[in-house]
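Colleague: Read off the chains here:
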Amino acid sequence: MNNFFVSNRIQYIAVICSVALLVFIFELTRRKKIREQYSILWLFFSIIFVVLSIWREGLDFFARFLGIDYAPSALFLLLVLAIFLILIQFSVIISKLSEENKKLSQEMGLMKLEMEELKKIRNDQINKKQI
Amino acid sequence: MPSKVLIIIPAYNEAHIIKEVIWDLHSENTNWNLLVVNDGSNDKTKEIAESTGLAKVINLPCQVGIGSCVQTGFKYASKHDFDFAVQFDGDGQHKVYEIEKLLHPLETNEADVVIGSRFCVKNPQYKPSFLRAIGIKVFELVNSILIGQRITDNTSGFRAYNKKTISFLSENYSSDYPEPEAVILLGKNRFKIKEIHTEMDQRSGGKSSIYGIYSGYYMVKVLLSILLTFIRPKIVNSKPT
Chain A
1 MNNFFVSNRI
11 QYIAVICSVA
21 LLVFIFELTR
31 RKKIREQYSI
41 LWLFFSIIFV
51 VLSIWREGLD
61 FFARFLGIDY
71 APSALFLLLV
81 LAIFLILIQF
91 SVIISKLSEE
101 NKKLSQEMGL
111 MKLEMEELKK
121 IRNDQINKKQ
131 I
Chain B
1001 MPSKVLIIIP
1011 AYNEAHIIKE
1021 VIWDLHSENT
1031 NWNLLVVNDG
1041 SNDKTKEIAE
1051 STGLAKVINL
1061 PCQVGIGSCV
1071 QTGFKYASKH
1081 DFDFAVQFDG
1091 DGQHKVYEIE
1101 KLLHPLETNE
1111 ADVVIGSRFC
1121 VKNPQYKPSF
1131 LRAIGIKVFE
1141 LVNSILIGQR
1151 ITDNTSGFRA
1161 YNKKTISFLS
1171 ENYSSDYPEP
1181 EAVILLGKNR
1191 FKIKEIHTEM
1201 DQRSGGKSSI
1211 YGIYSGYYMV
1221 KVLLSILLTF
1231 IRPKIVNSKP
1241 T
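Read top to bottom, the protein sequences are chains A and B. Here the first sequence stands for residues 1 to 131, numbered as in this note's numbering. Here the second sequence stands for residues 1001 to 1241, numbered as in this note's numbering.
No wet-lab data here; the hints were simulated from the structure. It is possible that part of the hints are untrue.
[Stated by the list, open to error] With a cut-off of at most 30 Å between alpha-carbon atoms, the simulated DSSO-like pairs for lysine-lysine come out as follows:
#, chain 1, residue 1, chain 2, residue 2
1, B, Lys-1234, A, Lys-119
2, A, Lys-120, B, Lys-1234
3, B, Lys-1056, B, Lys-1137
4, B, Lys-1192, A, Lys-103
5, B, Lys-1019, B, Lys-1163
6, B, Lys-1056, A, Lys-102
7, A, Lys-128, B, Lys-1056
8, A, Lys-103, A, Lys-33
9, B, Lys-1056, B, Lys-1234
10, B, Lys-1194, A, Lys-119
11, A, Lys-96, B, Lys-1163
12, B, Lys-1101, B, Lys-1079
13, B, Lys-1137, B, Lys-1079
14, B, Lys-1163, A, Lys-103
15, B, Lys-1234, A, Lys-102
16, B, Lys-1079, B, Lys-1194
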């Protein structure tokens, strides 16, 4: 029994870690710390990791399918792929945010000037009435 | 009716010289409307510019980059129906008496955008460093090939635009290092570009925003933007002109 545990130790660690990741992402989304649309990629890949850590033959099958001799390499491949996709998504989001930020700043600058001018006109009118 | 002219002065931390620039412009022609676009300066640019009482001042709440800063000016010009807009840098490098020269081709409808160029004719006053000269030549070559018109000074920020161009650029303008890219953007969208020789001083205040390690980044970023602007489809101006 003890021997069995030792030989499968990495699998247990993998299961625990990937389930923890899934729960963590899920919780963050539930508490609205991550928006649903941005959690989808995270959830998708953590589910894949949970599946592959429980179902070892799956990983072997996947590796053989891609022609990878050493199964854990397939895991790294998946991991890198996941990180890449998520980071690309970040770049897209950041670009969109800075574009929107630019537009907001410009509009706000223009509006502030307009408001100052309106205020001045109003004050002038009030002063005139008082005279 | 005389045409309405807006002078757009982008300013980032130009407190030491902004007053002088505003006064220079005002004494050159009192009919010009002056607009300082303060790009989130953290010095007294805002207060000093406002205290002159001669210029409208737009204060952007955060730093958005020279391109977006100037674009704010285009938006203002578009909104207030100006006929012409001139970009005039707040660092005292450009000469006020050259502005009329820039406006002239717009008034005669000879061009939609006029670029004040340092290199149209041999200019003994302006001597860029070796590396900068190479960069300037690269832009000249690339842009000239891409739009089929020789533009010698692609990085010049001394430009005048007519109403049609203002309206177009208020929707499409790059946020940083916009000048070389704008040449392609305008050329590709069939705006008439004209270059006119203008004198320019070596910078009196402030440092170029492009130096040292940034030069490499600048070249890569701008060349990439130029290439992408070139391969993107033509933009049909949605706004009626």
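Colleague: Next pair to validate is Lys-1192 of chain B with Lys-103 of chain A; report whether the Cα-Cα distance is within 30 Å.
Modeller: Holds: Lys-1192 of chain B and Lys-103 of chain A sit about 28 Å apart, inside 30 Å.
Colleague: Taking 30 Å as the top limit, are the C-alpha atoms of Lys-1234 of chain B and Lys-102 of chain A close enough?
Modeller: Cα-Cα ~23 Å, so holds.
Colleague: Could you grab the alpha-carbon distance between Lys-1137 of chain B and Lys-1079 of chain B and see if it respects the 30 Å cut-off?
Modeller: violated, 37 Å
Colleague: Quickly compare the C-alpha distance for Lys-1079 of chain B and Lys-1194 of chain B to 30 Å and report which way the hint goes.
Modeller: holds, 25 Å
Colleague: Verify the proposed pairing of Lys-120 of chain A with Lys-1234 of chain B, using a straight-line Cα cut of 30 Å.
Modeller: violated, 43 Å
Colleague: Run the distance test for Lys-1163 of chain B versus Lys-103 of chain A: straight-line Cα separation, threshold 30 Å.
Modeller: At roughly 21 Å apart (the allowed maximum being 30 Å), Lys-103 of chain A and Lys-1163 of chain B satisfy the hint.
Colleague: Is the hinted pair Lys-103 of chain A and Lys-33 of chain A satisfied, with a Cα-Cα distance of at most 30 Å?
Modeller: holds, 25 Å
Colleague: Checking one constraint from the list: CA of Lys-1019 of chain B to CA of Lys-1163 of chain B, max 30 Å. Satisfied?
Modeller: holds, 28 Å
Colleague: Verify the proposed pairing of Lys-1056 of chain B with Lys-1137 of chain B, using a straight-line Cα cut of 30 Å.
Modeller: Not OK: Lys-1056 of chain B and Lys-1137 of chain B at ~37 Å, beyond 30 Å, violated.
Colleague: Assess, step by step, whether the Cα of Lys-1056 of chain B is no farther than 30 Å from the Cα of Lys-102 of chain A, and give holds or violated.
Modeller: holds, 20 Å
Colleague: Does the structure keep Lys-1056 of chain B and Lys-1234 of chain B at a Cα separation of 30 Å or less?
Modeller: violated, 34 Å
Colleague: Could you grab the alpha-carbon distance between Lys-1234 of chain B and Lys-119 of chain A and see if it respects the 30 Å cut-off?
Modeller: violated, 42 Å
Consistency with the previously given hints fails for numbers 1, 2, 3, 9, 10, 13, ordered from lowest to highest.
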